[in-house]
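Asker: Which chain is which? The protein sequence lines are A and B, in order.
The first sequence begins at 59 in the working numbering and counts up by one.
The second sequence begins at 2 in the working numbering and counts up by one.
Derived pair list, reagent style BS3-like, types lysine-lysine, alpha-carbon separation capped at 30 Å:
id, chain 1, residue 1, chain 2, residue 2
1, A, 239, B, 12
2, A, 112, A, 82
3, A, 208, B, 12
4, A, 208, B, 21
5, B, 6, A, 82
6, A, 82, B, 12
7, A, 208, B, 20
8, B, 91, A, 208
9, B, 6, A, 223
10, A, 223, B, 12
11, A, 223, B, 21
12, A, 223, B, 20
13, A, 223, B, 107
14, A, 223, B, 91
15, B, 96, A, 223
16, A, 161, A, 82
17, A, 223, B, 30
18, B, 6, A, 208
19, A, 161, A, 112
20, B, 114, A, 223
21, B, 6, A, 239
22, B, 30, A, 208
To be clear, the hints were calculated from the coordinates, so they are not data collected in a lab.
Listed here are the chains, written in short residue letters.
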Amino acid sequence: MRELALHILDIAENSISAGADQIKISVNEDFLNDLLTITVEDNGKGMDAETLEKITDPFITSRTTRQVGLGIPFFKAAAEACDGTFQIESEVGAGTKVASVFKHSHIDRMPLGDITGTLQTLIIGTPEVNWVFEYVVDQNCFVFDDQPIKETLDGVPLSEPAVMKFIREMINEGIQDVRQKVSSTI
Amino acid sequence: MATVKSLDDLKRIREEALKKQQMKETSGKTEVIVGMGTVGIAAGARETLKTIMDMIENENLSDIIVRQTGNIGLDSFEPIVQVVLPGEEKVTYGKVNPEMARQIIKEHIIGGKIITEYQIMG
Ligand SMILES: Nc1ncnc2c1ncn2[C@@H]1O[C@H](COP(=O)(O)OP(=O)(O)OP(=O)(O)O)[C@@H](O)[C@H]1O
Ligand SMILES: [Mg+2]
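So here's chain B without its partners, still in its complex pose (with noise of 0.2 Å):
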């Protein structure tokens, strides 16, 4: 009956992700956004965030805070994903596919150069 997971697991999961912030300097937090309207979902922006978490869990990425919104307004660049880094402007990259989404996090997030050939404006 009972689900194998159980609010235990997470309580030490909790204490672990603590730990791991007390250690740290605290650099402020990266911001990730994926524009989550008819016409984003329809064009696999699901898929794109879907990679992003993947990602995010696979390689163990703390500090970055992963965001859906319903309508940036941009129908035709969809899907759109905004990258900001702590205390910079915000970056906006238009058709994003997975693919794309994996360049993004690594150059980008971990490696704090803007990939300019998939942004559309700024």
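Pulled out of the complex, with its shape left as it was, chain A reads as follows (with noise of 0.2 Å):
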């Protein structure tokens, strides 16, 4: 994958899966420690501790293992290859939690990419999952939550063209209000 923003997708993808209805999606990028991290959140049933092992040790994750899959060595070796770290928390019926730090002008970091498109996938093709999604650069800090979105449509679909539209601004205007108020205190 040649986005961060495609990981992203990939690993709230296994949220769904384990039948997660809050996922929390937050990106942070810390210019100062020149960090980025990325974590996703799920409230789906959880792993337990054998499954744990076999989805992060790459010894184990053999491609015959059928019910080991590949987006969760893909996105681990995507941070340990940007002198990063990727780590995962799980508790069977309470959820999981994904963390991965990279290190942000590491030359092999991939670019964070299309967020909006992932997010409009999530939110637009998962109606269902209430989606928090936090974005932080530095001391700035977006947060989307989607609950609100949904309270005040009241049974209008979310796939109705001028609500589509809505949340698409919504969360560009977001992201680059963030950005800009960091470039404009440089």
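Reassemble the complex: the two chains are provided individually, in unrelated frames, and hints are given to aid placement.
Answerer: What follows is the structure in structure tokens.
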């Protein structure tokens, strides 16, 4: 994959498959410490210790093991190729948190890419999940929560053209706003 | 601080949408589903879905439900797009790039004609 946003989409798909109805994605660009952190947190069914070990251990993650997929090893490899770390915590019946840290300035770090496209896909395409997106650049923060939007819509579907436009623009503006604030304070 | 977009804007959008719905006889909704597993994403499924969403937005196409799903289980045909017109059977298309997605919307969803050369089963 060529964008971190595509990895985020893929990791969030795991949360949906785990039956989560609350999923929080956060992206934190910390220029002061030269770090980029991505977390995906869900309230899905979680994993036991044995499964957890299997999916993060590259020696056990063999292709012949049907239950082990590509998504997590891919994301882990992407972080580790950038002097970064990968962490996954999970509790059966409670949820899972995946966290990847990258060295922000690392030459092999993929660009964030189309975050809005990833969020649109998730929000519009999986309306039964409550999506929260938090974007932090240094001390500036944008939080998007689709709950108040759904409450306001009160039954009007998210895939209504004007609603899709509203959500796309809201996310785009929020992201740009945070980025502009940072560049104007430097 | 506050973004330009407000929930008041959304309330207006909601009212417009409801008015539009009342004027039409309810003909049911068309469903478009795009497979979004790891293989699908790597093959460009997000761009395919994005094209479909942009087209719905730009051409103001109401009554289409867009869904994404983790696993359709046909890895070698990703990106996969499925279309269900109201009261009709599901049609599955394979290796759908953005250009093909635009064609599927025009010819199948708007025009009602299945594009058999892109179809992979059924
Ligand atoms: N958020 C999560 N909650 C519960 N289980 C999870 C979660 N994320 C991953 N898993 C478990 O770990 C397995 C491996 O995930 P991974 O993304 O690597 O592959 P996959 O989703 O099975 O297949 P794919 O190659 O399509 O991603 C999953 O099949 C699932 O059992
Ligand atoms: Mg996966």
